[in-house]
Each structure stands twice: as structure tokens, then as C-alpha cells.
Amino acid sequence: MPWNLNGTYLESCNCDAVCPCTTSGLTAPADHERCQVTLAFHVDDGNIDGVDVSDRSVAVFVDAPQVMADGGWQVALYVDASADDGQAEALGKVFSGQAGGPMAALAPLIGEVLGVERTPIDYRDEGRRHAVRIGDAIDIEIEDQVAPQYGDDGPVMGLTGMFHPASSTLTIARSTRATGNGVYGRTWDFTGGNGHSAPFTWSA
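Numbering (my numbering), first residue to last: 1384 to 1587.
No lab work stands behind these hints, which were simulated from the structure alone. Values in this document were obtained by computation on a predicted structure and should not be read as measured data. Take these hints with a grain of salt, some might be off.
[Stated by the list, open to error] Simulated restraints, written as ranges between beta carbons of each label pair:
1) Ala1530 / Pro1503: 34 to 40 Å
2) Gly1544 / Asp1399: 18 to 24 Å
3) Asn1430 / Thr1552: 23 to 29 Å
4) Gly1575 / Ser1437: 30 to 36 Å
5) Gln1532 / Ser1465: 38 to 44 Å
6) Thr1410 / Met1540: 20 to 26 Å
7) Pro1538 / Thr1559: 16 to 22 Å
8) Gln1532 / Asp1467: 45 to 51 Å
9) Asp1453 / Gly1568: 20 to 26 Å
10) Ala1411 / Ser1465: 34 to 40 Å
11) Asp1428 / Asp1505: 18 to 24 Å
12) Tyr1567 / Ser1407: 23 to 29 Å
No residue lacks a Cβ here, since even glycine has one placed at the ideal position from N, Cα and C.
Take the sequences, apply the hints, and build the full model.
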């Protein structure tokens, strides 16, 4: 099943910036008892086994042990409600890891699938600010960080050499808004916490 996707991603979690999970390849303890993270992806251009999935979004919520490498993750998958049945099925296979690619490397860490939902996903990139609203459940905005000495137009801080499904190069960001409401029994406000963003290019 050949496929390729190009787009952008954002992430928000309950760790303080910068997240020790990300910078340690998932082997260092998170800042809190559980690591709860949302990864949202917008596909600018993509084709999965002949199905055009351009301009569609997907999000993954993870509730993991403090050391993510220990596995036993609880995961929920959200697929853009604007996707038709064929697009939703194709995106589900890629973002669950069934079709290989970066997400397949994380599949052995998953202990429970909380659910798979089709819901409206509003994803926006606006310069250093990136935002996603996932139905009525999750609302996130992050801002890529710039050293104060450079001013608002300075270079964005980044991490390189990362073990991460989206990209090996990520921005350092903080959430200006990060709330969850009734996400499989979970409600939170992680505003001010860790964030990342990056373009992604995947294929298999």
C-alpha cells in the first residue's frame, strides 16, 4: 500500500517546556505522573494507495506512563469529519501505524485504543502560532519561541536530532491555550506547557 503525505503538525502536552520525553527519545520521566499529549497533523498534500487525502486533518491523543518507553499507552484517534469514508479509512490506517511509516514505530507501545472518532478538526498555521480545535473535546494554540534578545521577528528556537514521528527537527514552543473537555473521561488545562511544531514528510 504505497502512500505519501506532506503537511504540518503541532503538539501540546502537560510537561513543562522543554519536554524531557521528547529530548530523551521517550526514556526520561515526564514532568508529571502521567504524560498526556495531543499531536495534530494537517495534510497539505497526500495520497494513500490512490486515495487523495489532501487538506484533511488527523489528531492523536496519548495518555502514557511517566516513562513513555515503558509502553501501555492509551490512545485515541480523531479523523477529520470532512473526510469521506475512503479518506477516513486510509488516514486511519496510516495514523494507527497499520500502513507502516513513522507511526508504526510507536504501535508496540500502545496498550489500549480508547476509540476512533470522526469529528470536525479546525487546524490553523499563522506564522509562529499554530492552533487546532478537535470537535468540542480539545482546543490548543501554541506559539513557537524566540529568544527575547532577537525580538518577535527573530529565529525560532528548535531541537534537532529528535526521535519523533513527525520530524527529527522540532520547534520549541509553549501553549497559549491547551484544554481538554471530556476526552474519554479526562479534562485538563495545560496552558503554558510544552509544545512543538514542524513540517512533516512521510512515505511508505
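Is the distance from the Cβ of Gln1532 to the Cβ of Asp1467 consistent with 45 to 51 Å? holds (49 Å)
Using the beta carbons of Gln1532 and Ser1465, state whether their distance is inside 38 to 44 Å or not. 42 Å Cβ-Cβ, so the 38 to 44 Å window holds.
Beta-carbon spacing of Ala1411 to Ser1465 - inside the hinted bounds 34 to 40 Å or not: holds (38 Å)
Note whether the CB distance of Tyr1567 and Ser1407 lies within 23 to 29 Å or breaks it. holds (27 Å)
Could you say whether the range 16 to 22 Å given as a hint is met by the Cβ separation of Pro1538 and Thr1559? Check passed, 20 Å falls within 16 to 22 Å.
Using the C-beta atoms of Gly1544 and Asp1399, is the stated range 18 to 24 Å upheld? The hint (18 to 24 Å, Cβ to Cβ) holds, given that Gly1544 and Asp1399 are roughly 21 Å apart.
Is 20 to 26 Å right for how far apart the beta carbons of Asp1453 and Gly1568 are? holds (21 Å)
Note whether the CB distance of Gly1575 and Ser1437 lies within 30 to 36 Å or breaks it. Once the Cβ atoms are compared, 34 Å apart, the range 30 to 36 Å for Ser1437 and Gly1575 holds.
Holds or violated: 20 to 26 Å for the Cβ distance of Thr1410 and Met1540? The hint (20 to 26 Å, Cβ to Cβ) holds, given that Thr1410 and Met1540 are roughly 23 Å apart.
23 to 29 Å was suggested as the range; check whether the CB atoms of Asn1430 and Thr1552 agree with it. holds (24 Å)
Determine whether the Cβ-Cβ distance between Ala1530 and Pro1503 falls within the hinted range of 34 to 40 Å. holds (36 Å)
Does the beta carbon distance between Asp1428 and Asp1505 stay inside 18 to 24 Å, or does it fall outside? At 19 Å between Cβs, range holds.
Violated hints for the displayed structure: none, as all numbered hints are satisfied.
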